[in-house]
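*Asks:* Below, each chain spelled out in residue letters.
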Amino acid sequence: MTAAPFIRVENLRKVFKVGGKPFIAVQDVSLEISEGELVSIVGPSGCGKSTILSILASLLEADEGKVDIGNSASPFTPGRDIGMVFQKALLLKWRTILDNVLLPAEILGLPRREAVDRARDLIRMVGLEKFSDAYPQQLSGGMQQRAAIARALVHDPKLILMDEPFGALDALTRERMNLELLRIWRESRKTILFVTHGIQEAVFLGSQVAVMTAGPARMAAQFKIDLPEPRTIDVKTTEKFGAYTREIYQLLGLR
Amino acid sequence: MAGYKGYAYAVGAHIGFLLIWHFAVVWSGLPSYIMPTPLEAFSTIFVDSYNWGTHLWVTTVEIFGGYFLAVIVGVALAVLFIWLPGVNAAVTPLLVTLNMIPKVAMAPLFIIWFSYGIVPNAIIAFTICFFPIVLTTYRGLLEVDPDLLNLVRSLKANRWQIFVKIQLPGSLPYLFSGMKVAAILAVAGAIVGEFIASDRGLGNFLLIQQNALNTGAMVMALILITLIGMALYGFVLLLEWVFVTRKELAR
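First to last, the sequence lines map onto chains A and B.
Throughout the first sequence, residue numbering follows our numbering, covering 1 to 255 in sequence.
Throughout the second sequence, residue numbering follows our numbering, covering 256 to 506 in sequence.
Take the hints with a grain of salt, since some may be wrong.
FRET-style restraints, in silico, Cβ to Cβ [stated by the list, open to error]:
1) A/GLN137 / B/ALA265: 23 to 29 Å
2) A/GLY109 / B/VAL351: 39 to 45 Å
3) A/PHE23 / B/VAL497: 19 to 25 Å
4) A/PRO111 / B/TYR262: 46 to 52 Å
5) A/PHE23 / B/PHE369: 55 to 61 Å
6) B/SER298 / A/GLN137: 46 to 52 Å
No wet-lab data here; the hints were simulated from the structure.
Virtual Cβ for every residue (Gly too), placed ideally from N, Cα, C.
Excised from the complex, chain A in its bound form (with noise of 0.2 Å):
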């Protein structure tokens, strides 16, 4: 495949102004990323991941540097094309879990029959169909973060930005969503974007890690994970996934 990368940054910075003084949130950020790729950012609080996410959503904008999103092939219109999940499932209290899920397809006016067929196969898909009628409350909070990803893909957005989606959950929910969200990304193929402080977490999901650094906020590297695809747990425990993880603790002055 020779196709255009879907995302193209290129030096990206943004500074934020704090009481008064220049606070530099992201600088020298490069990424390209190719459509359907899972890509993981990883690094310490405060190094600008978030400031990524919401740069490419369009929710900031930068202060210097290119952000270029779809190609031909592809196109990629905003506030259209994008999904968000975050670190708290986010759901409205007040609406069943299929009205939640719904939420994006209302908000684009999308047809509301073919958004409640697609919203049911995507709450399947996520294993939450005995729930769609329930309220969010009833749920457990990897049940919650599994119906905030059924949102997230309802309007079938082209680019899922996720910001630390299992970073609330316990050791294992979070195992057993990491191998849910790889299935649900080989059954959607969408680009996805997963900003984790998590180094085992990005090596598992990513074909690509972007490693940053805070203080100042900076990425440090980009590389190709090239581990066994379709990835399972075995994967964890194998040479090469220690060398990658070694490799990332090295970068972020672990080890």
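Start from chain A and add chain B according to the hints.
*Replies:* Chain B in isolation, oriented as in the chain A frame:
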């Protein structure tokens, strides 16, 4: 069912209260112009010359009228505040200052402006329950997770969509807590207004019967005032149940 048992306790406590009241009066030998028994008080409801219907109606209209006007104006103002931060910055400090004025102390002015009758007392009820409604609703409308706003903004949601789909339903628990506080205040406001100046209503009736030492009728008037308050409070609870609790309790 635990629910029925709860009701049984509540009903039992009310009946127990009436029994204690009754026997306390009987055994202490207090004259009925000091403290009537519950039955003596209830029996005054059959005295036609007391015009219960008129008084009850006037006070009910004052309370409900002032109250729902406060809900409408209060919610509208809270919405204006979140849409126009400039208005909020200017008006909120002014509201805090105005809220310091004891509302019942304005009653003599209201009488000059609106004359006797239902209107000035409804306005006292309005002014007294307006503030908690504005403040709680405004707070509730602001109480939206910033990431949730990011999520809908990434979909280019407009202000109206954000309001209708997220802010307004999210603010309802706050609105109802304000409405419950305000329901109690509205009753007090209307009655005090009637004390100060009125020719009808249960508050006015209380003062007139006090002059005649018709204690039984006074106690009955108090009971009716309480019932109006309970009807208003119950109505708010019902709305809260339909719009909030029913969904949050689904487990």
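*Asks:* Look at each hint and say if it fits the structure.
*Replies:* For each hint, the structure was consulted:
1. Restraint check, A/GLN137 to B/ALA265: a C-beta distance of roughly 27 Å satisfies the suggested window 23 to 29 Å.
2. The given range of 39 to 45 Å is respected by A/GLY109 and B/VAL351, whose C-beta atoms sit roughly 41 Å from each other.
3. Roughly 47 Å separates the CB atoms of A/PHE23 and B/VAL497, a value that falls outside the hinted 19 to 25 Å.
4. In this structure the hint that A/PRO111 and B/TYR262 lie 46 to 52 Å apart at CB holds, the actual value being about 48 Å.
5. Taking the beta carbon of each, A/PHE23 and B/PHE369 are about 57 Å apart, inside 55 to 61 Å as hinted.
6. Between B/SER298 and A/GLN137 the Cβ separation comes to about 51 Å, which falls inside the hinted range of 46 to 52 Å.
In summary, the one numbered hint that this structure violates is 3.
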